[in-house]
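Student: Now for the letters of each chain:
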Amino acid sequence: MAVNDEIIQIMVAMGVLPIVAEALRLGVLSDGGSQGLAASSLGLLRNLCGNDEIKTNLCLGSSTARTNDQSS
Amino acid sequence: MQIFPSTSLVQEHACGTFAAMALLRPNNARAILDMDGPRYVVTAMKGHVGNVNVQRQGALAIRNIVSRLLRDLPEGDCASDTTIDNGMRSSIHDAFLEIGAEDVLAGRHQGSVDAAFAALRDLGCTVSLVKYNADEDGVTTRTTRTMMFGEKHNSNFRAVYEESDGLNDGVYNAMAQYGL
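First to last, the sequence lines map onto chains A and B. For the first sequence, position 16 matches number 16 in our numbering, and the numbering has no gaps at all. For the second sequence, position 112 matches number 112 in our numbering, and the numbering has no gaps at all.
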């Protein structure tokens, strides 16, 4: 679904980031982790990184992203 | 990437995420470099040599990280600035080259050769694109540049004009044939 910027923004507004973070955490659990869940979560994160603000938030944290936006 | 090193899909998506994060965002590229991202990418590429998707996403990640960091270097006019720039440039290159990025980027897959070529070029490596063509007779020829669409060797074409003794006679015969 996360194939264009508008959809990504809606998904993030609906709260997809905590869900995908939790899915990734469950996928990489040392006991009973799932390769499929981890791969799918990473795939979704990869597509969500199509949005500049979201990928900066994910990479640097939201406070740094806001600082960068204000300075640029 | 460390937990599922043998799962190609995890490695592919992780490399793709690095590539997307570094695209047009120098601060992200710097953060990936600082958290040892190059090692994860190169390790993934070494572990999945036969997987073109991992190779392509890894090459894209390297390319995006390196090119964004290099492009973000300040343009210096004085000699000291140039020296600092060269030092930073080589440190960025070394972060990848010291862990064997050049070897893993050497093109093995047709599907990732363009990304690997761009990554090697941005890493400052001397690189040339070599293409092998198999013609109708099964003879393999090697070209050192990318051929353009429709470009094909024409064996009947003579690039050098040679004077022909019978040229005038041929012209006169043709003119006589059409009554000129």
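There may be inaccurate statements among the hints.
What the simulated footprint calls covered on chain B by chain A, stretch by stretch (three residues with Cβ under 8 Å from a Cβ of chain A suffice, anywhere in the stretch; the number is not a length) [said to hold, decoys possible]:
id : region
1  : 1-9
2  : 27-38
Anything over 10 Å on all C-beta distances counts as not near chain B; from chain A, calculated [as the list claims (entries may be wrong)]:
id : residue
3  : Asn4
4  : Ala13
5  : Gly15
6  : Val16
7  : Leu17
8  : Ala21
9  : Glu22
10 : Leu26
11 : Val28
12 : Ala39
13 : Leu42
14 : Gly43
15 : Leu45
16 : Asp52
It should be emphasised that the hints constitute simulated quantities derived from the structure, not laboratory data. For clarity, every value in this text was computed on a predicted model and none was experimentally measured. Note that CB positions come from ideal geometry on N, CA and C, so glycine has one too.
Student: None of the hints should be skipped; say for each whether it holds.
Tutor: Hints, one by one, checked against the model:
With a threshold of 8 Å between beta carbons, the proposed coverage of the region 1-9 of chain B by chain A holds, since 4 of its residues qualify and at least three are required. Interface restraint, the region 27-38 of chain B with chain A: holds (4 residues with C-beta to C-beta distance below 8 Å; minimum three). Remark: the non-interface label on Asn4/A is consistent with the geometry, its nearest Cβ contact in chain B lying 14 Å away (cut-off 10 Å). For Ala13/A, the condition that its CB be more than 10 Å from all CB atoms of chain B holds, with the nearest at approximately 20 Å.
Against the 10 Å criterion, Gly15/A stays outside the reach of chain B, whose nearest CB is about 20 Å from its own CB. Its beta-carbon lying about 15 Å from the closest one in chain B, Val16/A satisfies the requirement of being farther than 10 Å from that chain. The claim that Leu17/A is not at the interface with chain B holds, since no C-beta of that chain comes within 10 Å of its own (minimum 14 Å). Once the 10 Å rule is applied to beta carbons, Ala21/A is consistent with being away from chain B; the minimum gap is 13 Å.
Glu22/A, annotated as away from the interface, keeps every beta carbon of chain B farther than 10 Å; the closest lies near 16 Å. For Leu26/A, the non-interface assignment is confirmed: its Cβ lies about 12 Å from the closest Cβ of chain B, beyond the 10 Å cut-off. The Cβ of Val28/A does not lie farther than 10 Å from every Cβ of chain B; its closest approach is about 5 Å, which violates its non-interface assignment. For Ala39/A, the non-interface assignment is contradicted: its Cβ lies about 4 Å from the closest Cβ of chain B, within the 10 Å cut-off.
With a closest Cβ-Cβ approach of about 4 Å to chain B, Leu42/A is found to fall inside the 10 Å limit, against its non-interface label. With a minimum CB-CB distance of about 5 Å to chain B, Gly43/A fails to clear the 10 Å threshold, and the non-interface call is violated. The beta carbon of Leu45/A is not kept farther than 10 Å from every beta carbon of chain B, the shortest such distance being approximately 5 Å. For Asp52/A, the condition that its CB be more than 10 Å from all CB atoms of chain B is violated, with the nearest at approximately 7 Å.
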